[in-house]
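Asker: In order, the protein sequences belong to chains A and B.
The first sequence begins at 71 in our numbering and counts up one residue at a time.
The second sequence begins at 71 in our numbering and counts up one residue at a time.
Heads up, some of the hints might be wrong.
For lysine-lysine, the following BS3-like pairs were computed, each having C-alpha atoms within a straight-line distance of at most 30 Å [unchecked claim]:
#1 B:K308 - A:K273
#2 B:K165 - A:K80
#3 B:K220 - A:K80
#4 A:K80 - B:K308
#5 A:K273 - B:K165
#6 A:K91 - B:K144
#7 A:K180 - B:K165
#8 B:K91 - B:K180
#9 A:K220 - A:K91
#10 A:K180 - A:K165
#11 B:K80 - A:K220
#12 A:K273 - B:K91
#13 A:K254 - B:K273
#14 A:K273 - B:K220
#15 A:K80 - B:K144
#16 B:K180 - B:K144
#17 B:K144 - A:K220
#18 B:K273 - A:K165
#19 A:K144 - B:K273
#20 A:K80 - B:K254
#21 B:K91 - B:K80
#22 A:K308 - B:K80
#23 B:K91 - A:K91
#24 B:K80 - A:K254
#25 B:K80 - B:K220
#26 A:K308 - A:K180
What the hints contain is simulated information worked out from the structure, not anything from laboratory work.
From a predicted model like this one, the values you see are computed outputs, not experimental measurements.
What follows is the residue order along each chain.
Protein chains: 2
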Amino acid sequence: MEVINMNIVKIIPILNLPIIKETDDLAGLICEAAERQGTPLQNGDILIVTHVIISRAEGNVVNLDNVIPSEFAKNLAAQYDRDPALIEVVLRESKSIVRMGEGHIIAETKHGFICANAGVDKSNVPGERNVAPLPRNPDESARRIRRRIKELTGRDVAVIISDTHGRALRRGEINVAIGIAGMKPIRDRRNETDLFGYTLRIKQTAIADELCSAAELVIGQADEGVPAAIIRGYPYEKAEESSARDLIWPREKALFI
Amino acid sequence: MEVINMNIVKIIPILNLPIIKETDDLAGLICEAAERQGTPLQNGDILIVTHVIISRAEGNVVNLDNVIPSEFAKNLAAQYDRDPALIEVVLRESKSIVRMGEGHIIAETKHGFICANAGVDKSNVPGERNVAPLPRNPDESARRIRRRIKELTGRDVAVIISDTHGRALRRGEINVAIGIAGMKPIRDRRNETDLFGYTLRIKQTAIADELCSAAELVIGQADEGVPAAIIRGYPYEKAEESSARDLIWPREKALFI
């Protein structure tokens, strides 16, 4: 049986990273781990990194014991039986509140992403009272990692920062992109034709989100944390100037709600 | 350099399928194509199939010339400059209309999925005036393919039927699951702990949707149609009784809107 030439896409977990802490050279540690496990980064790879280790490396971790909650945060916390200091951090990260209820706060973050608790995360943050807000500028975080990988290895690698989001109308969370560097987040196929020559009317594929969901298949499956993955074999259009904010659909235009 | 043992997930396109038509043994054709290209189906594989070839194989294709539009369909078509017969097919597939505007109809399908044009698809359907509604019972379509694969190859393969959906609050479409067989659509991680022993509060991962998004990375990239893909190396919990309807979040409960 002959294996014919075809494009198999591979999702490779980055294993055995040390616990990431402030001032760590995250890109360097990822390059080393990838090398050590026999899958060094290659030109054309896409590196997906979960937002929590970005925030940890950037020192963007808040100890709830040092947070003085506002009156509003206390009001909310009392109603929903939550920690007032946690609510305060969520409010500080928020541009607006989309909805509250059943113990959830769905907020619009300062970047414009709509997600639970404005993306403030308790999981995979060391320290009983520590939480990690989203990176301040996830596109810039992605660009910095991309530049550092280029510097260390000479390789041209696209970088995407991922977060886990709920959806308005579907149960369960999926991973999506909140920062990007080196590639476009959307593949625009509006002028392509299908198998039968029919021009696709509407077809903008959110490939950055699909890549993050694909990466979650290895990130989410390990008992110990797997905070990053390489996607290899996916041909993408390079772009020096790009932003995950292009994935935000303005609320006033939302058609599904 | 030693390649250590790790779980790389592979996304394998099914290439060179013939044009699928009514009464074709779709499962059989997929098994043959997978065999021919040197990647025969294995136990534990997940087969992702796009809904359009399911509808074609099931004869669920409508010629718009044979459709008599209702008055309401004609009213809508006039406003949005669309084909009244197409609008009629969309309405026939719909349980309710979620929103209309800018040439879009966002509808709730008879299955309960909320998507543009109630999932009625023009692309990759042969015949100038033909459109393909969603499969009548996508879970049953998935179960039938799964059973047939077992019969032909003896292999235990999970099957997911995918569709391309827009999202309420993010730009671009992604692929999601509308039918499933052989595995659970959601991985419930609510009692698992993280790297630092913290119990995850809310964590239900919509893995069926993530698998469909991963498959799109090979399905969407070919010029000629790639209507199916194998995902290999992803460990999942088997389930004989499952339904993609578990991925539907009731509209009255929607927190993000």
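Asker: All hints, please: hold or fail.
Answerer: Tested hints:
| no. | hint | verdict |
| --- | --- | --- |
| 1 | B:K308 - A:K273 | 33 Å, violated |
| 2 | B:K165 - A:K80 | 39 Å, violated |
| 3 | B:K220 - A:K80 | 26 Å, holds |
| 4 | A:K80 - B:K308 | 23 Å, holds |
| 5 | A:K273 - B:K165 | 25 Å, holds |
| 6 | A:K91 - B:K144 | 62 Å, violated |
| 7 | A:K180 - B:K165 | 37 Å, violated |
| 8 | B:K91 - B:K180 | 24 Å, holds |
| 9 | A:K220 - A:K91 | 22 Å, holds |
| 10 | A:K180 - A:K165 | 5 Å, holds |
| 11 | B:K80 - A:K220 | 26 Å, holds |
| 12 | A:K273 - B:K91 | 24 Å, holds |
| 13 | A:K254 - B:K273 | 29 Å, holds |
| 14 | A:K273 - B:K220 | 35 Å, violated |
| 15 | A:K80 - B:K144 | 48 Å, violated |
| 16 | B:K180 - B:K144 | 21 Å, holds |
| 17 | B:K144 - A:K220 | 58 Å, violated |
| 18 | B:K273 - A:K165 | 25 Å, holds |
| 19 | A:K144 - B:K273 | 26 Å, holds |
| 20 | A:K80 - B:K254 | 23 Å, holds |
| 21 | B:K91 - B:K80 | 29 Å, holds |
| 22 | A:K308 - B:K80 | 23 Å, holds |
| 23 | B:K91 - A:K91 | 57 Å, violated |
| 24 | B:K80 - A:K254 | 23 Å, holds |
| 25 | B:K80 - B:K220 | 21 Å, holds |
| 26 | A:K308 - A:K180 | 27 Å, holds |
Hint check: violations occur at hints 1, 2, 6, 7, 14, 15, 17, 23; the rest are consistent with the structure.
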